[in-house]
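Novice: Each residue of the sequence shown is one higher than the last, beginning at 1165 in the numbering used here.
Be aware that a few hints might be false.
List of simulated lysine to any residue pairs, SDA-like, C-alpha gap at most 25 Å [as the list claims (entries may be wrong)]:
1. 1431 to 1421
2. 1431 to 1577
3. 1431 to 1443
4. 1431 to 1446
5. 1431 to 1457
6. 1431 to 1578
7. 1431 to 1442
8. 1431 to 1491
9. 1431 to 1339
10. 1431 to 1453
11. 1431 to 1463
12. 1431 to 1507
13. 1431 to 1456
14. 1431 to 1468
15. 1431 to 1191
16. 1431 to 1310
Think of the hints as simulated: they come from the structure by calculation, not from any bench.
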Amino acid sequence: MTAPFAVLWDHAHVWGLLLCRGLAALGAPCRPVTCAAVAGGALAAHPPKALLVPGGFSRPKFAALGPAGQRAVRDYVAGGGNYFGVCGGCGLALSHDAGLGLCDWTRRPFADRLEHLASGHVRLRGDAASPYLPAELPEDFQAPVWWPAGFVPPPGAGGGDGTAVVAAYAGPGEDFMLADIALGAMPGALLGACQARFGLTLAPAFLDGGACVIAGAYGRGRYVLSHAHLETPDSPQANAWLAHLLGLFDPGGEIAGRLVPAWHPAKETRRFDDAHLEAARRDIESVIAAGIEARLLMRRSDWLLGWRPGMPGFSLSNLSALLAGASALPPTEAAVAYWRQAGPDFAQRAAAFARRLEVFFPAQRLEITLSLVERQAGADPGLAAERRELFGASPGGGGLCGELAATLDALLLRLLS
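Use the sequences and the hints to build the structure in full.
Specialist: Below you can see the structure in the form of structure tokens.
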């Protein structure tokens, strides 16, 4: 029997892994589906109860779908399907030059780039009348966001465009961070003093009533677009909300779970016990240790790093999580065959990547210190070039690190299929 929920796999990285992990914890069977498969008719041949689109940059997803895949998703939803987009999955559904146009709303441009560095739990206020919210949620509740974009309604919509705000931002939660500033833990009086004395407004404007989750109809189907990552491990209210939505998408199914357990990647049993994976895990952990020692990275949780602005913390978090996720899954024939071919080269490239980063982090730390002491302007050209080779252009996700992540994405696809 085909799994009722399909997860669009391309360019999802750790967010796709977390969504699949969350669905498994809630008892919701899922299958990853590639953009190429969608373009080839997978949604029409085996229509899922919902197409779930994880986070990750939306533009590469749109490009990977191509015209045929884009049309296939629209046809699936218009024919009565459910589309659930998380973060980057929201952007894919909106109306812009790299969006599917399922929703008339578009992406909100940031007046201040700092606003895009928001992460952690936020306080939300929901529409009590919305069927997309669990009845047991209080009026004010919390869910995590991880560097969200924003929503903008079309000009003159006035609430009559058929898109409803399911939940709006109502302020930061206790673990909310703006870049590497623990904003949620700062007393309100201190924030007020910073603004009054120095003109520093730290709280992003969108936290004051901006839309976080919206929903609407497209043809005979519907979409739910959430900048909140409801699949985040050990976030009880968010996890219960995800379970509620899955129940709406599949009324005949049984969503038995309500909580996605905490994730401790280092403690999980190695079910795919492979020497090349283990070597790469050791190398990446060595790199992370070097970044922490240089005070450029920090441990935010067992599965997520924090980092100084401008540092490639998310790219390394992503790589570490993908390695851990692959090691914890039982091997399949397709995965073993793929890894037999890809594993040795991957381990060699991961080792070379790690050795370069073990030099890069101390050099970067020194460059930052000298820039403060000697007031030198701009980054060292050699360091900037090294970073581009290792991580691609900002905001990252490319370079050698991106190539390693793409190899792991392909492995995880075969492990989860």
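Novice: Evaluate each hint against the coordinates.
Specialist: How the hints compare with the structure:
The straight-line distance between the Cα atoms of residue 1431 and residue 1421 is roughly 22 Å, inside the 25 Å bound, and the hint therefore holds. At roughly 22 Å between alpha-carbon atoms, residue 1431 and residue 1577 fall within 25 Å of each other, so this suggested pair holds. As the CA atoms of residue 1431 and residue 1443 are separated by approximately 17 Å, the hinted pair is consistent with the 25 Å bound. A C-alpha spacing of about 14 Å is found between residue 1431 and residue 1446, which places the hinted pair at or below 25 Å, so the restraint holds.
Taking the CA atoms of residue 1431 and residue 1457, the gap is near 23 Å; set against the 25 Å cutoff, the hint holds. For the proposed pair residue 1431 and residue 1578, the alpha carbon gap of about 23 Å is at most 25 Å, so the pair holds. The hinted pair formed by residue 1431 and residue 1442 meets the criterion: a straight-line CA distance of about 14 Å does not exceed 25 Å. Between residue 1431 and residue 1491 the alpha-carbon distance is near 11 Å, which keeps this suggested pair within the 25 Å criterion.
Distance check on the hinted pair: residue 1431 and residue 1339 sit about 24 Å apart at the alpha-carbon level, within 25 Å; holds. A threshold of 25 Å between alpha carbons decides the hint, and for residue 1431 with residue 1453 the separation of about 18 Å falls inside it, so the pair holds. A distance of roughly 16 Å separates the Cα atoms of residue 1431 and residue 1463; the hinted pair therefore holds under the 25 Å criterion. A distance of roughly 23 Å separates the Cα atoms of residue 1431 and residue 1507; the hinted pair therefore holds under the 25 Å criterion.
Between residue 1431 and residue 1456 the alpha-carbon distance is near 20 Å, which keeps this suggested pair within the 25 Å criterion. Restraint check: the Cα-Cα separation between residue 1431 and residue 1468 comes to about 15 Å, which is no more than 25 Å; the hinted pair holds. Straight-line distance between C-alpha atoms of residue 1431 and residue 1191 comes to about 22 Å, which keeps the hinted pair within the 25 Å bound. A C-alpha spacing of about 24 Å is found between residue 1431 and residue 1310, which places the hinted pair at or below 25 Å, so the restraint holds.
Going down the numbered hints, you'll see the structure goes against none, and every one checks out.
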